[in-house]
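S.K.: Please construct the entire structure, taking both the sequences and the accompanying hints into account.
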Amino acid sequence: MAALVPLVTDDGNGSWQLHEDATLLLESEKRALQKISVVGLIDALPPKHARAPGLHMVKDPIKVEDDGTLTFLVVLQHPALHEQPAWTSLLFLLASHVLYVRDGAIARDGFANWSFLQHLLNVDVVSPDEQAAHPDLNTTVLKRLLPKLTLIAVDLDKKECGGDAFPLYLEKALSTPKASHDGLSQALISQLFTSRDCIGIKTSTFKVPGAPHSAAKVLSVATDPLPPKTFFGRFLSCGVFVHLLSALVAAKDAARWDFRAVAFSVSRTYWQNLLDAAITMYADHMHAKLLPYDDVELDNSMVVALTEAKLHGGDAGLDNDDVILIDRSTNSAGVTFDEYGNLKKSHSSGAKPTLDVGILAFLKTAKSTLNRQMTMVAPKPTVANPWCDPYLLNMREYEVPTKYIHQFPKREKLPIEASALTGVHHECLSSASALLHPFMALSLPREDACFSGPWSFRVGRRHLDDAAGAVHRDIALANNASSAAFCTRLVQCLHTAVLLKTHADEDKSRLVRHLIAYRSNIEALISQYNFVAKGPAASAVLAGFLSSVVRHRLHAAVAAADAHFEATRVALTTQVHDASRHLLALEDAIRDAEETRKACLRNEMAQDALVESRKLEQLGTIQGAIAETQAQINTALREKEALFANTVQTTQATVATVEIIAKKPKEYAGYLFRQEGGGFFGAKWKQSFFVLKDGRFVTFKAKSYYEEGRESMEAPLNVAGYTVLQSNKNANEFKLAPPVAGRTFVFRAPTDEMRETWVHKFNEASNYS
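Going by full-length UniProt numbering, 273 is the number at position 273 of the sequence shown; the sequence numbering is gapless.
What the hints contain is simulated information worked out from the structure, not anything from laboratory work. Fair warning: this is a prediction, and the values are worked out from it, not measured in the lab. None of the hints are false.
As a list, the in silico SDA-like pairs of lysine to any residue whose alpha-carbon atoms are at most 25 Å apart: (1) K413 - V400; (2) K701 - L717; (3) K729 - S688; (4) K289 - A420; (5) K159 - I201; (6) K403 - I279; (7) K686 - F673; (8) K63 - V101; (9) K172 - V221.
M.R.: Okay, here's the thing in structure tokens:
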């Protein structure tokens, strides 16, 4: 664990050197796209090893997370960091956690040894426009970007800490300014590093003398579960880390570091290189899986070999690496043989018809001897094909890396079916796209500021699809041309056999038998062709052959037949003229009979139309009378219903009026004594003339006042809801109590009968509403 390898060192002449061994370690094919987290250690102890000043890293990761994140420990050893502060800025910008190891008290030299932090103030992490709009934004973003800082005090006695724990000792040292201290460095530690800690260790715990990173406690702190640092919404991969480190090394002498621009440029360049690698990988895979077509003359023996190889599923001793014309596509069509070992015709639903018996049997028994090779070596194009070669030039000149040749030992040769080519395209595109996925997974959703807008991954994937589509189209054209060339050769070979077989099968004495034999052999050719032909141009070549060559042959046969039949036509012409005259006479007789029949039919139709018109007229009259009668009945019914409803309404109104009149209390008037006053002087009785009408109780001084229509002495009293109470003291007295709180009236009638009458009238009035 203590072994360090140089990463970036000072060559002694003021130049920084990025070491190839460490970069190759990080940029290996396995690690280049893995997420990386860097833990930095600044070794400020007196040097005990003769190492070049600069950054050194532990060769193996000190921790591997479950998601594959690799944590590497990078050690900075430099005797004069205050003179070259860019070293520490480099480490602070790239690390997720920085450990600062020094001996003795933290503030022993008044934080002067921290002057290198002032270089961080020259680092720009926001765009110029954002910095102009918000001057403090650069510092805010820089604080988020800086790592956790842990100070490790070596051989520091607890007494020097004042008995405090190390974290509290650090905070007290930072919060206690002194005139002798470097105030700016002290403030930078407090303000820039929001996450900080402090521990103490002994030199005796170093497993390697002078190597603090070998202490178990240091390694324990270095492997604390801290999340990897994000750079403007993205995690770092090992490959991007190396490129970013290289870019910052190149800018070490700049007055200001535009870290944001450098990070964006490095990430985008790496993405562009990755896209180019994916495009190259797609092209390599396509050309490694497919071989170009080599034009070759077909003969009977080769067609038989191709047919039997396909019948045996592409085996029969034929090596797919060496044979250019073997189609390994599966065919569900059933294949059967007769008792002589020849193929029989049989068709399966949804599949191409299987091989015809005739043409294959003829090819096997042709005059030339059949010498079939068990392994067919792909013949080289000895004769140029001007129609096919231009489409195959790119495939023939493309150099495929050797590793892919071994990776894909089974290489298909053109032509192949369009669906198979599309399948190969999708497989290669999927493999190429998989190369981009780890890099794309380093982005945080909606936070990646680098790959947005025109640099979004969607645009890059579209670029990959376009480039792959161009290669696919080029190979598809080559496949079409190969299919056309092979199918043309095949149909020419089969048609030559058809011509020979037709001449052998026909009876030359009859031209019709010649045409029948030719048609039968063409059907066998189509069966054989469909069984062996392959590629997207198979149907087009066959259609062109049937519409040109076969049509020409048929036209020639038809011309010969036309000359044969011309003599017969002349001989029959006279008979046709005689028959025509006789036919004209018969047609005249038939025409006259037809005219008579049509006249009778017209008269019959006119009579039927007149009868039908009269029926419709009478039907309309009857329906009108019925409708008029129905309307009168409906009107009478509506008038009857209206009269009945009016009578019911009038009756109900009369009954309601009678009930109201019957329930309405009648007017009653007379003299009563009413008790007035009270208290210390006692109650008084005053006689007045009272009128009870429509639930209202009105008071007059005398009856004559009421008869003259004068106003009442008091406001009318509505007695609705009032309660009449019998007096216990005097039989002629009674009380009128309100429904709620209010005045209770006490009355006294002149006689008992009048009292009973008034009580009855008051009860009726109180219940009347």
